[in-house]
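Given only the sequences and the hints, what does the whole structure look like? Please build it.
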Amino acid sequence: MSLLRMEEITKRFPGVVANDQVDLVLEEGEIHALLGENGSGKSTLMNMLYGIYRPDAGRILLRDKEVQFSSPTDAISAGIGMVHQHFMLVPTMTVTENVILGLKEQKGRWNPLLDTRGAEKRINALAEQYGLDIEPNARVWQLPVGAQQRVEILKSLYRNAEILVLDEPTAVLAPKEVEHLIEVLRNLARSGKSIIFISHKLNEVIQLADRVSVLRNGVLSGQVDVADATASQLAEMMVGRQVETPKKKPRKSGETILTTANLVVKDDRSLIAVDDLTFDLAKGEIFGVAGVDGNGQKELTEAIAGVRSIESGNLEISGLSKSRGKRFREIGHVTEDRHQTGVVLPFSLWENYALKVCGTPPYGNWLNMNTGVMQEQTRAAIDQFSIKATGPDVAMSTLSGGNQQKVVLARELALDPKLLLAAQPTRGLDVGAAEYVHERLLSARDSGMAIMLISTELEEVLALSDRIMVMYEGKSMGLVDASQASREMLGLMMAGVSLENIENGMSQ
Amino acid sequence: MSVGPDAIRTRAIKVAKSTSLSLTAIGLALLVSAVLILLAGFNPLIAYAALLKGAFGDSFAIGNTLARTTPLIFTGLAVAFAFRCNLLNIGAEGQLYAGALASVVVGIFVTGLPTPLHIMLAIAAGFAAGAMWGGLAGLMKSQRGINEIVSTIMLNFVAIFFVSYMVQGPIAEPPGFFHQTAQVATTARLPIIAPKSDLSIGILIAVGCAIFIAYLLWRTPFGLRLRTVGRSEGAARFAGIPVNRFMFGAMSISGGLAGLAGTVEIIGSQYRLLDFFSPGYGFDGIAVAFLGRSDPIGVIFAAFLFAALRIGANQMQRTTGLPTSLVLVIQGTVILFILGAGILQWYRQRQQEKGA
Amino acid sequence: DKIKVALALPGAVSDKGFNASAHAGLMLIKERFGDDVEVAFSESVQRPDFVATLRDYANRGFDVIYAHGFQWGDAISKVAAENPEKHFFNVYGSGSGDNLANLHVANEQLFHVMGRLAARLSKSNIVGAVGGWEIPPIRIQVDSFRQGVEAAGLDTKFVAIYTGTFYDAVKGKEAARAVISQGADVIAHMADATGLGVIQAAEEKNVMTIGYFADQLQVSPSSIASSAIINVDEMFVQALQSVIDDKFQKGVNKFGLSSGILEVGSYGAAVPQEIQAEVAKLVEDIKSGKVKIPGPNVPELMKQKINKL
Amino acid sequence: MEAFFSVLDADFFSATLRLTTPLLFATLGGILNERAGVINIGLEGTMLMAALIGVFGAWFSGSAWFGLFTGILIGGLIAWIHAFVSISLKANQIVSGAAINLIGVGLSSFLIRIVFGLKDQQRVVPHFEPVSVPYLSDIPLIGPILFQQHSLVYVALLLVPIMWVILFRTRWGLMITSVGEHPEASATVGINPLRTRYIAVILSGALAGAGGAFLSLGQLHFFQDEMVAGRGFIALAAVIFARWNPVGALIACLIFGGADALQFRGQAAGLAVPHQFMLMFPYVLTLAILVVVGGKSQGPAAIGQPYSKG
Ligand SMILES: Nc1ncnc2c1ncn2[C@@H]1O[C@H](COP(=O)(O)OP(=O)(O)OP(=O)(O)O)[C@@H](O)[C@H]1O
Ligand SMILES: Nc1ncnc2c1ncn2[C@@H]1O[C@H](COP(=O)(O)OP(=O)(O)OP(=O)(O)O)[C@@H](O)[C@H]1O
Ligand SMILES: [Mg+2]
Ligand SMILES: [Mg+2]
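Protein chains in written order, with my numbering: chain H, 1 to 508; chain B, 1001 to 1356; chain X, 2001 to 2309; chain R, 3001 to 3310.
Just so you know, not all the hints are guaranteed correct.
To be verified - Pulled a few chain H residues facing chain R out of the computed Cβ check, cut under 10 Å:
| # | residue |
| --- | --- |
| 1 | Y50 |
| 2 | T73 |
| 3 | H84 |
| 4 | H86 |
| 5 | P112 |
| 6 | R159 |
Hint data in this document are derived by calculation from the structure and do not stem from the laboratory. For glycine and all other residues, C-beta sits at the position ideal for the given N, C-alpha and C.
Structural data, given as structure tokens:
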């Protein structure tokens, strides 16, 4: 008897078949990975399991009994918990409040007051049991993503979930946090919980999962035991071809475009986030900025992009126009938080695409936008980046997460900026798409663009960068040539050990 | 908004659909109100015949309806425009008073100008004053984070009381007995299109303005940016759009449009300023804007609908003796029924859910 | 053939004051002239609709058209000029035309008398007034009332508040309470429905009030001392009669105490006979012309107020 | 100036409380629906209808309490329409509110004439009298201010802490806040955002109804056309001024009620200022306070947005 069986599940959206007769089997205590390209229907499948969507056809069986979920409530009471790609937390509430939201946690039957104390105790107990580090009184908006994710997991555990679904849980995590999460998930599986997790990172899948199901264009294209699979096999199952790691050409030297000296920047809470940074960046170079999320990368990027003011020190970008409009076109910026700062969800793709360039030839002038040209360009971008969308007129909100990211990338690259700030450019992208993005970044570099790559993923930083700076608590832990850097070394620096100390340690 | 023949066809279908929808809604609302009319002891058929005749009966009636449409287009546009930038301007009424005040001052105290110039100056003054009043709310929003709903509500009262003060004292018509200004100079008056009905070219200016605003919003970079600020402040900021400046700008333009409602009312029909001269055009503008789906062209139709109902209601009162308050009920129910068009979809979905 | 009479009102006929009094006028016309007339009225006509409303009545064959309030001046002048064969009356009006008469009442006389009455009645020697919106007639009423209070020669203090509204009785009530908290024990109101709140406050605080427009003794027998009655209804009848008798007079027709259009209302039980007699004497003197009431110079008062600012 | 401040007596403070009460009811209501993510600009019309129906209820039953009950009921009913249109039909909340305002003004003035007739429109109905709290009302200064008020004044004041506790210390409060901040998230933990919004909106209408009924049954004892006179809009502003917090609501309404009471007393004390400037005072004061303390406050994130399931 399997714990969960989804049989011949079909789901259509206007214009797409998101799931086409998909079968999925989950055993008790199993960690099951769900792989697939962007827009292949993973989230949709899981949303049906969680009662958010209803399948157009097919059955869901729990312990061989057919179930029908008309809302998440049903799914929850059937023992299913889900951690969404975009967290489902109320930012203004505390951790405890988020966890007990919707539950009858009150001080006795006749006392309607919330029993936060009692809830906190249980949260702490659960947190200890599964090694989830959490501060119950903190407000969610103040927490780093990793912690928010733990809150999400706790929410499910608190509701006695037997099956835990995680949609791209590692996409937003730093390597350390990923390791921690993997540990947590193993603990959960050991104690009898079953886990479905979606990821684009094959090495994690291999490290963690027992079995893998792969979706392609809404169809189940294979199911394998991880023991029998290699990363490249999985990649091929996903994209239908061999995926290669990008080859980097030697760097041509170019003139310096960005210089900073003793730069200090504050964050939204007026705390110092970037602390005394000095570095420069030249044309034709990819400058990697590594570090655990929340160590000042965001503030640094925003300061360079011109949307955050500088506290002290110097920040100079040479050859930039005086005019504000031009300046923003001369600096491309793939922002970290796609939904908040990257796209306008209710706008069409072409409007999103035109956001920065509208009003400049050939897209029209200040008095008149040439919508035809903009739509044409968007259509071209859809083809080039193989964005899964029916045309430039559809709303951004109907695209899958990865595809939205591609639109942003296409837009920023189309600006042909002097300086490109790329923050987590492949977050949420499938391996095939990530490969394409990497290629594009490298070719942009080769044609002389200066690129600052901000990423929490060491593989990516190592593979693309010419030089790498690691940030820790706003400070630079050191600047190394990519050819001389190693995973271990960067890992240490991300943990707050400065390059100097590492070298001293090695020399000793 | 693409321009191919296909796009035009889909747009035409859309317009036809929403028109038939609105007509159905009006029909239903009239049906509901008929009950009230019966309750009051009148014959609904006679009442409605009068209403129809009052609004469209002859060229005189149509002229009145169009004259009434004019300021509503402006206030509707004002609210709709601000809303495209995610700002809820409840202050069109106050901005209208500001605009009227400025226009009347120019119309009375500036003399010796040739007609077109004087008119243009009065219009510019009305727009500027409205823009200042709206911009004040915009400034409070962008500089101090003060929610525009609060500030515009408060500024309404301030403007209305200030105008009252002005017309009873500083700019009262000498010798200062009546609470009103003198009439604006004939050179500052908008030419009348239909002589018997007092319909001025204000209606053309209003429609032109609506088309211009539609163009501004959908065909210019400024419009795209403004709408971006409205839909996602974050995305706007990162695209280099100066969000605060845009909010300020949007509130100013919105205020200016509302100010023009005051202007056309003064130089197009009332000619002098009295306190409480507006029958709530600014508040009606809120309903007009959203009924027109915040689309400038939609605003024209919504304003026309509102005006027709109002003008028709006056006739209904005059011929049957039914109180005009009834028309507020009709207006309100028309809106509710138009909103209620979603009911079919809702019902279907509910049936589906029950069935599943 | 029937005479068709129409009335256009700027406010609701339910205001227990200005508009109500005009409506009563139309009703009185119907009563007096019976089958000889046909009447119609429009209430709450909004300013942009003034011309259209009057014009529609004229086009539909109404012979005599009343417009109520000074704000109709432009509209009625215009429509009167378009319809020379019809007759137009404008209460408080200032427009001109051969077939347009402006009906004015000598507010200064009536309210002067009421001011004298109030001053005599006050034990605290403080008298108050609550005005609605500060439009010309109200200002004349309030200031004449003040002059009457002062003319009593009792060194009475005078307190006035404008509420800025004719229909917010809650505000009227609070305004009256504020006046009462200043020590006033007689309060007049010139505020239509807002005044209903004034009367209520007076009743609750056991102070005296002076009714407005109609005889308001019945509204609050315990607190109403008397009422400043403006018989708009009689005025309307007289106006219509003048048309019928071919005695129509264009320009300003002013009605004072002697015309019977203005009257001091019934007295409450608390008003001593002796004071009633004094008031009656004053009224007679004004009627006979022995006492002249010049009335306040409103523009001048206004200027003073602004200069003080 | 001295004369101006001499008016700050017990009478002023009780006037402040009286002027505050109807606003407070409506503002508390507004907080409830806005916290749940629904904006209701129809408070004005709702209050007006409640003032009217309250008068009818009191007249036909002979009981002010029953009148209050009917006022609250009609408030809830009208809010239910708003809820249906804006939550179920997902129509624009602002238009729906605007429609309610139109209907409220028109229908109330229409119905009073039909039911009571023109002549007798301002018929005085059974109403609430101020209640003296035994002993406490004899305390000098404080006594007359706090303990000689209409019972509804006490109700409104009591509602402030009650609503605070409900919003911030009970699971219903969490539910309401969550559907206003992030309805999708609430749905994923089994809260029904639609139902929760419905309840909040209907309760809010009931509160506005109480405010309207207080005006007609507590303050006036009769109904007058348009007697709410913009208080519904002031409440709308007060909700934001209050930062969606019941305690803030009390402060906002007190400031407003106080300013209004003060301007009357300023006029009465003979302040030599054109009265229009006195009438402006409450509004200008509100703006001035906001400009000084700064208005930066985030409303409920999902306000105005209809929620639809997947
Ligand atoms: N609400 C919706 N309306 C219309 N189409 C949708 C909707 N949700 C998803 N789709 C479409 O269904 C397909 C599957 O989307 P889904 O989000 O399941 O992909 P995914 O595998 O999770 O992708 P990613 O890896 O990018 O997150 C996509 O083509 C997407 O555009
Ligand atoms: N980055 C921008 N995004 C959106 N609108 C802008 C931007 N910059 C300027 N504007 C608008 O254009 C107006 C002119 O601004 P500015 O002086 O910066 O011109 P500019 O940058 O030379 O223009 P262009 O965009 O044509 O290069 C501004 O008042 C503002 O309304
Ligand atoms: Mg997905
Ligand atoms: Mg520019």
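Verification of the hints:
1. Here the hint on Y50 of chain H is kept, as its CB sits about 7 Å from the closest CB of chain R, short of 10 Å.
2. For T73 of chain H, the interface hint holds, the least distance from its beta-carbon to any beta-carbon of chain R being 3 Å, beneath 10 Å.
3. Interface hint at H84 of chain H: satisfied, since its Cβ lies 7 Å from the closest Cβ of chain R, which is below the 10 Å cut-off.
4. Interface restraint check for H86 of chain H: the shortest CB-CB distance to chain R comes to about 9 Å, inside 10 Å, so the restraint holds.
5. At its closest, the beta carbon of P112 of chain H sits 5 Å from a beta carbon of chain R; the interface hint therefore holds under the 10 Å criterion.
6. Because the beta carbon of R159 of chain H sits about 8 Å from the nearest beta carbon in chain R, less than 10 Å, this interface hint is met.
Hint check: no violations occur; every hint is consistent with the structure.
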